[in-house]
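Q: Residues per chain are reported as follows:
Number of protein chains: 4
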Amino acid sequence: MIIVMKAGAAKKDKDEVLKRIRELGYKPHVIHGATRDVIGAVGDERGKLILQSVESMHGVESVLPILQPYKLASKEVKKERSIIRVSDTVTIGGKELIVMAGPCSVEGEEQIIETALAVRDAGAQMLRGGAFKPRTSPYSFQGLEEEGLKLLAKAREASGLPFVTEVINPETVELVAEYADMLQIGARNAQNFALLKRVGQIHKPVLLKRGMSMTIQEFLMSAEYIMSEGNQSVILCERGIRTFETATRNTLDLSAIPVLREKTHLPIVADPSHGTGNYHYVAAMAFAAVAAGADGLMIEVHSDPEHASSDGPQSLKPSKFAKMMEKLKLFAEAADRTL
Amino acid sequence: MIIVMKAGAAKKDKDEVLKRIRELGYKPHVIHGATRDVIGAVGDERGKLILQSVESMHGVESVLPILQPYKLASKEVKKERSIIRVSDTVTIGGKELIVMAGPCSVEGEEQIIETALAVRDAGAQMLRGGAFKPRTSPYSFQGLEEEGLKLLAKAREASGLPFVTEVINPETVELVAEYADMLQIGARNAQNFALLKRVGQIHKPVLLKRGMSMTIQEFLMSAEYIMSEGNQSVILCERGIRTFETATRNTLDLSAIPVLREKTHLPIVADPSHGTGNYHYVAAMAFAAVAAGADGLMIEVHSDPEHASSDGPQSLKPSKFAKMMEKLKLFAEAADRTL
Amino acid sequence: MIIVMKAGAAKKDKDEVLKRIRELGYKPHVIHGATRDVIGAVGDERGKLILQSVESMHGVESVLPILQPYKLASKEVKKERSIIRVSDTVTIGGKELIVMAGPCSVEGEEQIIETALAVRDAGAQMLRGGAFKPRTSPYSFQGLEEEGLKLLAKAREASGLPFVTEVINPETVELVAEYADMLQIGARNAQNFALLKRVGQIHKPVLLKRGMSMTIQEFLMSAEYIMSEGNQSVILCERGIRTFETATRNTLDLSAIPVLREKTHLPIVADPSHGTGNYHYVAAMAFAAVAAGADGLMIEVHSDPEHASSDGPQSLKPSKFAKMMEKLKLFAEAADRTL
Amino acid sequence: MIIVMKAGAAKKDKDEVLKRIRELGYKPHVIHGATRDVIGAVGDERGKLILQSVESMHGVESVLPILQPYKLASKEVKKERSIIRVSDTVTIGGKELIVMAGPCSVEGEEQIIETALAVRDAGAQMLRGGAFKPRTSPYSFQGLEEEGLKLLAKAREASGLPFVTEVINPETVELVAEYADMLQIGARNAQNFALLKRVGQIHKPVLLKRGMSMTIQEFLMSAEYIMSEGNQSVILCERGIRTFETATRNTLDLSAIPVLREKTHLPIVADPSHGTGNYHYVAAMAFAAVAAGADGLMIEVHSDPEHASSDGPQSLKPSKFAKMMEKLKLFAEAADRTL
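Residue numbers (our numbering), protein chains in the order written: chain A, 21 to 359; chain B, 21 to 359; chain C, 21 to 359; chain D, 21 to 359.
It should be emphasised that the hints constitute simulated quantities derived from the structure, not laboratory data. We treat Cβ as the ideally placed atom computed from N, Cα and C, and that holds for glycine. Check the hints yourself; a few may be wrong.
As the list claims (entries may be wrong) - List of simulated lysine-lysine pairs, BS3-like, C-alpha gap at most 25 Å:
id: 1; chain 1: D; residue 1: Lys340; chain 2: A; residue 2: Lys31
id: 2; chain 1: C; residue 1: Lys115; chain 2: A; residue 2: Lys349
id: 3; chain 1: B; residue 1: Lys26; chain 2: C; residue 2: Lys34
id: 4; chain 1: C; residue 1: Lys26; chain 2: B; residue 2: Lys95
id: 5; chain 1: D; residue 1: Lys115; chain 2: D; residue 2: Lys95
id: 6; chain 1: D; residue 1: Lys174; chain 2: C; residue 2: Lys34
id: 7; chain 1: D; residue 1: Lys340; chain 2: B; residue 2: Lys343
id: 8; chain 1: A; residue 1: Lys32; chain 2: D; residue 2: Lys283
id: 9; chain 1: B; residue 1: Lys99; chain 2: C; residue 2: Lys91
id: 10; chain 1: A; residue 1: Lys340; chain 2: B; residue 2: Lys99
id: 11; chain 1: A; residue 1: Lys26; chain 2: D; residue 2: Lys340
id: 12; chain 1: C; residue 1: Lys347; chain 2: A; residue 2: Lys115
id: 13; chain 1: D; residue 1: Lys283; chain 2: B; residue 2: Lys99
Stated by the list, open to error - Just so you have them, the derived chain D footprint on chain B, three or more residues with Cβ under 8 Å:
id: 14; stretch: 23-31
id: 15; stretch: 86-100
id: 16; stretch: 233-245
id: 17; stretch: 266-274
id: 18; stretch: 311-324
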């Protein structure tokens with residue numbers, strides 16, 4: 021950590037800071053600058069965010085951290101990229117590009133089985149569908165809950181596709197884990213630390229969506245929460261951040277993909293459906309995500325978007341999804357991926 | 021709801037849209053425009069977000085909602101401003117400006133009692149302090165948990181100040197409610213709907229912080245979650261939104277105060293400590309919040325910020341807090357408030 | 021335009037609004053809603069932003085525009101995509117993907133000629149380089165000015181590549197146009213309307229960069245400024261928007277590409293160098309931009325980035341650029357483009 | 021400047037960096053850390069942004085600047101607050117709170133004189149009004165240009181109020197300076213460096229508005245552009261930044277006021293009219309700005325907002341303005357200001 025002193029800070033103030041740095045278990049190192057002094061505090065900063073408190077001391081202008089605060093998620097701890105096993109047929113993070121497709125919400129048996137078969141036939145390797153729905157309005161459809169999980173299991177049986185579904189409450193983590201092949205933490209719960217800890221204690225892979233206003237560093241800290249509880253099977257999902265632009269529902273931050281590939285060994289998938297909020301733009305952004313280096317995609321597909329209980333405007337019909345998958349193969353190949 | 025058709029949309033498409041609008045229980049009303057048609061769908065939109073799905077239909081360019089999606093939180097339902105009773109001595113939303121002050125985290129008995137007495141003597145009417153701490157890093161101090169609640173209760177006894185403390189997990193809502201006079205939902209949990217529902221079922225006032233990237237409309241929808249479960253005692257707290265600016269930790273959106281006063285009857289408080297993240301700026305923003313119409317303030321005070329386990333840089337020392345309270349009285353008076 | 025009246029607005033207020041709408045040359049059309057009335061104002065809204073002033077009238081809650089405010093840039097006016105001729109060898113917007121590469125600033129004859137030859141040999145079809153530099157600091161290198169234009173012309177002669185360079189002042193538009201094949205308007209000048217008007221009066225293509233906090237609609241309005249003065253040869257360039265994320269210099273908004281393809285006939289290129297600010301991420305984002313549908317790319321290449329006078333950290337060395345171009349061919353092919 | 025090396029960077033890479041630092045005229049200073057080395061480069065960084073180019077070198081993880089890049093605008097150069105003389109009657113930055121009020125655009129003689137008299141009678145000390153208008157749409161009213169300047173001069177004569185008006189083109193700076201008492205640089209031109217340099221060469225005070233997505237540091241760099249050309253009379257104006265929130269036109273960043281007071285000696289005013297875009301919120305935010313420490317306010321007043329050629333929805337009628345001024349006196353007094 022680097023402590024920048026104010027121009028003209030008193031010697032007494034500097035001495036206090038040096039003393040405090042030593043108390044906290046670091047070794048101070050002073051650089052006398054042209055207009056001000058800078059103090060390096062040598063020692064592992066992780067787990068010692070308390071050092072930030074030095075910023076309140078007299079004569080201190082600012083404190084700059086040097087190390088990233090995450091450890092298990094970092095490439096410094098594990099250099100090779102993680103490949104996470106979801107089922108006998110699906111692993112994420114390897115050469116195969118994984119496509120998870122399905123409706124926003126599970127609405128009924130016919131709907132989910134039909135969609136599962138359609139996305140499988142178009143080439144998807146996993147099914148997605150919501151049983152517990154975090155909705156902005158208390159008056160919106162909240163999901164079929166356990167009944168939805170059962171229908172997803174039926175669709176898995178019918179199609180052979182493992183499925184991912186969201187969990188929104190620590191109390192239902194075990195229930196969801198009984199049914200699902202992979203648990204999803206949604207964007208609105210990406211810093212729900214009680215929930216992150218709970219999914220860190222189970223033995224199922226977790227798809228962690230980036231919060232709407234989360235920096236990449238905070239995103240990795242949320243992954244670290246899960247991993248520090250023992251579950252190393254975390255897949256990161258970029259799904260759009262909140263910006264001033266209103267032409268799209270969110271701004272899909274594809275540059276997060278190369279940044280994350282540099283900083284972490286965890287696999288990265290992209291969700292262009294939530295990222296754009298408009299089915300017109302989904303295919304273009306799916307291709308772009310793969311070109312940027314994504315290990316997988318999450319795509320909303322609904323057989324009847326005009327009647328969907330949620331997120332109709334961003335869902336592809338199965339026929340459009342199949343067309344997209346055809347073209348996606350070309351981009352996967354260009355990216356040296358199989359699909 | 022207003023459905024805007026594309027320029028040159030086919031008659032067939034328009035007919036389909038009209039049919040769908042009727043199916044959903046609305047009465048359609050067509051306006052033939054210069055270059056395109058616009059269809060008004062007459063009927064109460066609330067609870068019918070499904071109408072948005074019309075956006076996927078052929079020939080539709082966009083769907084514009086007309087009504088706000090919240091009801092209980094709106095001024096249309098309740099015109100007079102709500103005054104919420106926290107204890108025998110404290111109500112929020114009336115003429116008296118309420119100041120809640122205390123440390124970010126409860127760290128020990130001496131610390132919390134000493135701080136409670138200091139902030140009381142300076143004029144604060146409530147104590148704040150964290151027992152369960154939502155921390156970005158799993159390696160940071162996570163709070164004293166139930167032990168912290170007990171210490172807060174002791175500080176209440178010693179000082180006579182009721183206290184507010186954060187709850188971060190649906191499972192501990194009842195525990196926290198046993199001790200606290202008011203429950204706080206933090207910014208990271210502002211769309212943790214499972215938690216919102218649970219605090220909607222208790223009989224204690226809830227201080228709801230605005231999420232970092234929440235629009236004002238979404239903020240009111242989260243209040244609606246609590247209210248729709250039966251608990252009408254919700255106090256809104258503006259605590260800074262995430263923007264590109266890095267000179268402050270967040271950007272305290274004080275314009276949210278007059279906007280909320282126009283849209284809702286619920287009381288509104290501001291948290292300049294989290295809003296700025298820097299104790300140098302806290303007093304100026306506290307004065308500004310009161311001038312903008314806030315019903316109360318939440319201020320971090322720590323007797324030894326250099327040694328605080330969390331948020332040291334944004335905490336005021338008791339002596340600075342007391343000075344701020346002196347000047348605050350002048351602004352409260354200008355705003356026709358008592359303090 | 022749709023005027024939403026307040027719930028319970030007085031008849032008198034409604035009558036005033038109807039009168040005013042007629043005065044402004046529109047035909048009003050009232051829809052009586054469940055809780056409030058909505059008035060459609062029929063007539064071409066473009067060039068009549070004054071209608072927004074109705075928002076100040078008594079009883080009016082909000083005014084929603086229906087039409088996009090741009091005309092010449094819109095697909096409603098021109099359905100087929102524009103193909104813009106830059107030189108005998110280069111057109112932008114057709115099947116060929118156009119790559120413009122070169123240094124941020126022209127620094128000397130050897131540097132610019134060497135770079136021009138290197139990027140040409142790697143497959144770029146245009147040279148880029150700054151002679152007039154808009155720098156955040158008055159103390160930073162401001163460019164070689166006219167001398168830089170002369171060196172760019174020499175590099176064009178040596179390499180056969182036409183070049184694009186930035187113009188930052190209405191007074192030097194003619195000078196720059198004498199030398200350059202295409203003029204660039206930088207992000208900081210994207211709403212410098214005096215400059216936009218001036219480049220609208222010349223007969224050279226203009227590359228218009230998106231401003232850092234410009235919505236897509238405002239971006240098209242700036243294009244409209246140029247076009248409304250007579251110059252239809254406008255190429256749009258997405259170069260990153262400002263968000264809260266600090267891991268990249270800007271957030272390259274690739275979803276702007278499919279959105280713009282839907283709304284305008286103008287060609288669209290992407291600048292992943294400024295978009296990310298870090299050469300590590302440039303190749304991934306270049307591939308992604310092409311997959312998303314970009315008509316071209318703008319890439320910073322510097323033979324000695326460690327000694328560059330500006331933007332060193334985001335510049336590729338010629339060898340890395342050549343490698344990127346190899347892989348880019350695969351993505352261009354997948355996108356059905358030639359390169 | 022602090023150079024952070026990668027964990028495990030080679031000795032050769034470190035030696036290259038040390039060599040380069042010396043070449044650039046700095047003295048390097050190595051701190052051997054627990055997992056990586058950090059190099060301090062001692063020497064005045066200002067005017068040497070080129071050091072950032074070290075970031076491209078092998079083995080370098082990041083480069084952190086220590087000094088602020090502005091000099092003339094900084095408090096390190098001038099400790100006491102600047103008081104800027106606008107006319108015989110008006111100075112900005114002293115104890116007196118200065119209110120500049122008037123219409124967005126000058127529309128005619130009667131309008132501007134009537135408004136000038138009304139705002140003067142309500143207590144404003146300066147008139148504002150646009151003659152050259154930077155409008156997002158080329159089809160919107162662009163201002164009366166020189167005719168507008170003449171009308172402003174007439175209104176000054178009639179009312180005794182000096183006036184501020186915007187300049188949008190380097191070519192018309194001298195013309196505007198002939199008439200106006202203070203020149204305004206608008207938000208869209210806040211990084212139009214050609215214009216900033218030109219207003220730096222005249223001898224009239226300049227009101228510089230913050231760009232919509234400008235950091236506070238960039239804001240001060242734009243002030244530095246003007247000052248480095250010789251004109252020290254710069255007044256900063258916070259007018260709202262662009263965020264995701266749509267309930268207000270912009271988000272007025274009042275925390276910029278205490279931040280700027282800490283970093284610069286220049287006076288700071290706030291513009292709640294553009295900041296909120298809605299006349300309902302103007303008074304509350306004007307009070308808040310004064311409480312936060314603003315030296316002045318800029319307020320849009322129009323005698324007939326429903327018929328204004330621009331910005332009607334955010335303009336106050338003279339009667340509402342007068343009421344606001346009454347209450348403003350109370351807040352000015354609380355802030356120890358005269359009005």
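Q: Determine for every hint whether it applies to the structure shown.
A: Cross-check of the supplied hints:
{"no.": "1", "hint": "D:Lys340 to A:Lys31", "in the structure": "violated, 55 Å"}
{"no.": "2", "hint": "C:Lys115 to A:Lys349", "in the structure": "holds, 21 Å"}
{"no.": "3", "hint": "B:Lys26 to C:Lys34", "in the structure": "violated, 28 Å"}
{"no.": "4", "hint": "C:Lys26 to B:Lys95", "in the structure": "holds, 12 Å"}
{"no.": "5", "hint": "D:Lys115 to D:Lys95", "in the structure": "holds, 19 Å"}
{"no.": "6", "hint": "D:Lys174 to C:Lys34", "in the structure": "violated, 38 Å"}
{"no.": "7", "hint": "D:Lys340 to B:Lys343", "in the structure": "violated, 34 Å"}
{"no.": "8", "hint": "A:Lys32 to D:Lys283", "in the structure": "holds, 24 Å"}
{"no.": "9", "hint": "B:Lys99 to C:Lys91", "in the structure": "violated, 44 Å"}
{"no.": "10", "hint": "A:Lys340 to B:Lys99", "in the structure": "violated, 49 Å"}
{"no.": "11", "hint": "A:Lys26 to D:Lys340", "in the structure": "violated, 46 Å"}
{"no.": "12", "hint": "C:Lys347 to A:Lys115", "in the structure": "holds, 17 Å"}
{"no.": "13", "hint": "D:Lys283 to B:Lys99", "in the structure": "violated, 44 Å"}
{"no.": "14", "hint": "23-31", "in the structure": "violated (count 0)"}
{"no.": "15", "hint": "86-100", "in the structure": "violated (count 0)"}
{"no.": "16", "hint": "233-245", "in the structure": "holds (count 4)"}
{"no.": "17", "hint": "266-274", "in the structure": "holds (count 7)"}
{"no.": "18", "hint": "311-324", "in the structure": "holds (count 3)"}
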